[in-house]
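Peer 1: One letter stands for each residue in the lines below.
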Amino acid sequence: MVDEKLDIHEFLNRDEKKNLLRLITCGSVDDGKSTLIGRLMFDSKMLYDDQLSALEKDSKRIGHAGEDIDYALLLDGLKAEREQGITIDIAYRYFSTNKRKFIIADTPGHEQYTRNMVTGASTANLAIVLVDATKGVITQTRRHTFLVSLLGIKHVVLAVNKMDLVQYSQKVFSSICEEYKSFVNQLDIPDVEFIPISALKGDNVVEKSETTPWYQGKSMLAHIETVHVGSDRNFDDLRYPVQYVSRPDRDFRGFCARVASGIISKGDTIMALPSKKTSKVTSIITYDGELERAFPPQSVTITLEDEIDISRGEMIVHPDNLSHVERQFEAMLVWMDEKPMNPHGQFYIKHNTNTTKARFDSIRYKVDVNTLVKSEVPHFELNEIGRVVITTVKPLFFDAYKKNKSTGSFVLIDPVTNNTSAVGMIIDKIHADGLPHKITTADKEKINKGVGLISEQEYQEQYNQKGASIWITGLHGSGKNELAYSLEKRLFEKGATVVLLDGSSVRSGLSKELDFSPADRAENLRRVAEMSKILNDQGIITICSFISADDMVRKQIADIIGKDRFHLIYMDADVTFCKNNKPELYERAEQHTISNLPGVDCAYDIPTDADIVCKPQENEDNGSLILTYLADKGIFPVG
Amino acid sequence: MNGYSLSHLKELEAEAIHIIREVAAEFENPVMLYSIGKDSSVMVRLAEKAFYPGKVPFPLMHIDSKWKFREMIDFRDTYAKNNNWDLIVEYNKEGFESGVGPFSHGSKVHTDIMKTQALLAALDKYKFDAAFGGARRDEEKSRAKERIFSFRDKFHQWDPKNQRPELWDIYNTKVQKGESIRVFPISNWTELDVWQYIRLEKIPIVPLYFAKERPIIVQDGNLIMVDDDRMPKELAAKAQNRMVRFRTLGCYPLTGAVESSATTIEEIVEEMMTVTVSERTTRVIDFDQDGSMEQKKREGYF
Chain A
1 MVDEKLDIHE FLNRDEKKNL LRLITCGSVD DGKSTLIGRL MFDSKMLYDD QLSALEKDSK
61 RIGHAGEDID YALLLDGLKA EREQGITIDI AYRYFSTNKR KFIIADTPGH EQYTRNMVTG
121 ASTANLAIVL VDATKGVITQ TRRHTFLVSL LGIKHVVLAV NKMDLVQYSQ KVFSSICEEY
181 KSFVNQLDIP DVEFIPISAL KGDNVVEKSE TTPWYQGKSM LAHIETVHVG SDRNFDDLRY
241 PVQYVSRPDR DFRGFCARVA SGIISKGDTI MALPSKKTSK VTSIITYDGE LERAFPPQSV
301 TITLEDEIDI SRGEMIVHPD NLSHVERQFE AMLVWMDEKP MNPHGQFYIK HNTNTTKARF
361 DSIRYKVDVN TLVKSEVPHF ELNEIGRVVI TTVKPLFFDA YKKNKSTGSF VLIDPVTNNT
421 SAVGMIIDKI HADGLPHKIT TADKEKINKG VGLISEQEYQ EQYNQKGASI WITGLHGSGK
481 NELAYSLEKR LFEKGATVVL LDGSSVRSGL SKELDFSPAD RAENLRRVAE MSKILNDQGI
541 ITICSFISAD DMVRKQIADI IGKDRFHLIY MDADVTFCKN NKPELYERAE QHTISNLPGV
601 DCAYDIPTDA DIVCKPQENE DNGSLILTYL ADKGIFPVG
Chain B
1 MNGYSLSHLK ELEAEAIHII REVAAEFENP VMLYSIGKDS SVMVRLAEKA FYPGKVPFPL
61 MHIDSKWKFR EMIDFRDTYA KNNNWDLIVE YNKEGFESGV GPFSHGSKVH TDIMKTQALL
121 AALDKYKFDA AFGGARRDEE KSRAKERIFS FRDKFHQWDP KNQRPELWDI YNTKVQKGES
181 IRVFPISNWT ELDVWQYIRL EKIPIVPLYF AKERPIIVQD GNLIMVDDDR MPKELAAKAQ
241 NRMVRFRTLG CYPLTGAVES SATTIEEIVE EMMTVTVSER TTRVIDFDQD GSMEQKKREG
301 YF
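Taken in sequence, the protein lines are chains A and B. When the letters of the first sequence are read in order and numbered with the working numbering, they come out as residues 1 to 639. When the letters of the second sequence are read in order and numbered with the working numbering, they come out as residues 1 to 302.
Check each hint, because a few of them may be wrong.
Cross-link-like lysine-lysine pairs, in silico, BS3-like; alpha carbons within 30 Å at most [what the hints assert, rightly or not]:
1. B:Lys10 <-> A:Lys17
2. B:Lys174 <-> A:Lys339
3. B:Lys174 <-> A:Lys403
4. A:Lys357 <-> B:Lys154
5. B:Lys55 <-> A:Lys266
6. A:Lys403 <-> B:Lys10
7. B:Lys49 <-> A:Lys18
8. A:Lys394 <-> B:Lys174
9. B:Lys177 <-> A:Lys394
10. B:Lys10 <-> A:Lys18
11. A:Lys339 <-> B:Lys154
12. A:Lys357 <-> B:Lys174
13. B:Lys49 <-> A:Lys280
14. A:Lys99 <-> B:Lys127
15. A:Lys402 <-> B:Lys174
16. B:Lys161 <-> A:Lys339
17. A:Lys489 <-> A:Lys579
18. A:Lys18 <-> B:Lys202
19. B:Lys49 <-> A:Lys266
20. A:Lys280 <-> B:Lys10
Just so you know, the hints here were simulated from the structure itself, not pulled from any lab data. Fair warning: this is a prediction, and the values are worked out from it, not measured in the lab.
Chain A with its partners taken away, still in its complex shape (with noise of 0.2 Å):
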């Protein structure tokens, strides 16, 4: 492979300057695939002689293909599978001719390991996809074009194999090409070649045969060394999703970055999602020296003319073009674990380099790879692949796979095993009420029970809170009110979902009918404990600001709450300051035109078992009081 009046300056001059293709083959254990692989590898002359003695004499030890030597045999790896004579997982291959790089993903074509194929081709810019030109266009076919066009390669190879058991055929030839043609038409594969080759004997492998006189195209590699596949990136959209925030000093603070798509320059103006908070690129740096501008796939530092606060998982994009911020989105999902999917378990979702949790709302079909027919299923197992909604506890920012492959996959792992259940590649974002809103069989034994869809967890990540009732109890004219107002603006300002309830709002709807007799005191009570116990299920936090007199009635409200969700808060003010706060109602029942009057004309419970005794005086700091204490108690934020 070294030209002979190359120097080996000039060859290596010329080597760095090649570019890398990523393939796939496809093709089953008959079709031929490892010899053609074995084939392209050897005549660009990349095997080593002791690869090769070792090659001679396995081949006549366990080879499959007569007194010729067995390429195959250089690609199985493992044991195990030498012994079975097969290859079941994927293998990666490395080969350079003078114009490019190759690295072939080696995956198998039985159909358990459509896995395999999904990984393999994930990466690939083109795929071979062989056929046995005795056998023509087969179901095995199609399933790795769909395959191949599922996982969004653009190039695909028709690679028509065993031409020399069909005399070079020119005939045999077209009519699986036209076969295959009508196939294809109905996937998403923008470039499509044929070729007719035989890898046993060499044909239109690496040199043009003469066996094809009729064939006008290029060998296969030929053609893989020169097909252009440099715009298939996207370079439209700027992506950039943080991976690693680098601090080596104080002044120093780079955002480094894998650049999934579009262009960063420096002195843009970007925009970090989710916080919508924008500045300008004021340096791209790499080890190398400081660039203008990257491009994907290239891995570089950018620092930002303002202190914005972006961690790890935020994407970095331009103003004028975001990418979805979204919980909810549908996706085409390939199942990878044997393990078959709990269509009601949680998962890991890593996408980018963000993770978080999701689950999935609903299974919309199944597609069967073969006949690409679609079904229902209630899960999906090993190998199966279809269409999902799923719904993710933090934002992702995406975009449609189709547009973007590095924004619009991702993969679930199981919280248990940690093993990679599925991958997934997500089709465009769904408007949450273009959803059709399919509730699964157990939501529905849920909804029977009147049990909600969405867990405390959820709640809790949501709002960063956990529900709870703020009781505070106190004599009427104590200062109450004043504290619980105040206390539900400043929780309000910091972010918190709060839910007041007084006397006033109360009595004036919910408990019209109620008068203030001890009775309906307590029935009143009762229904505001109520509400509040339903509120706090549903992640708000409650601040309830009544006088709540009686210690009996206090504990039934703290059984209905539930104790740990009822914290309760004692203004401690005498009957003389209260008199004097609020002179209006105590001296009507001095008067005796009112009655009931808690610290005139019937008892006040002084509380023994308060979470916080507050006094009336010390207003701003019962507030900060009360804050520390959500804070401690991991209410509110969520410690």
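We have chain A; now place chain B onto it with these hints.
Peer 2: This is chain B only, laid out in the frame that chain A set:
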């Protein structure tokens, strides 16, 4: 063409940097295993690039079998010092003190005790949850199927039948306590890529890679260099100076030299283009039995 295309080496470099950063971001306690060889030298430079201008946020660890070439040890210490690396050196103390070595115990026992066991003990000692290695898939058949992020159970074992699918550039980094991941950032590099990168980036490598007159004995067809006085005297006595270099570096009694006159990287590559033996054949340990590398890897060898 729009001008936005990378050469294959720059593409491989970008891929490796992405892998290295991913480990630093997702694991609590990673380490980079450093064999002092040319592949390690490339990997170390890639780590420096990944975090520039910051310092690499994990240490280097060398498992010293106590039978390495002396020039390797000198090179290691100088490199780590000059490049501000945290360097951990570990060895099997018990094995060393009871005199385990390739001459007395044979290559198999020596490799197991002084390399594999020493490595596993060191990984346990520091509780590393991720360890980088400089292995390449084109080196050896069983490597061709290994993932870039290769899962190890709590006994450090590799199960080739039960590997996690690895798609796109999304790596599953989830492990339970005690389990770990071996990470191979230069999986997709070939031997030529490594030499080309060393040449372009002017990466320092151990001088043993370049041809020089060295004292050599011939044992079972392998050219073995007399590196110290632990070589049995009757063998060392047969040594003759020959112009040789090393294609791979390991324990000196287990690493065969090749006759060569290549004193520059260009000459090494030129020789490589016309070589008659592939890289690992100069490592004596591979010949124990068919599939022996796979066996060692299952047991935890890198």
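Peer 1: Going through the numbered hints above, which ones does this structure break? Give me the numbers in ascending order.
Peer 2: 14
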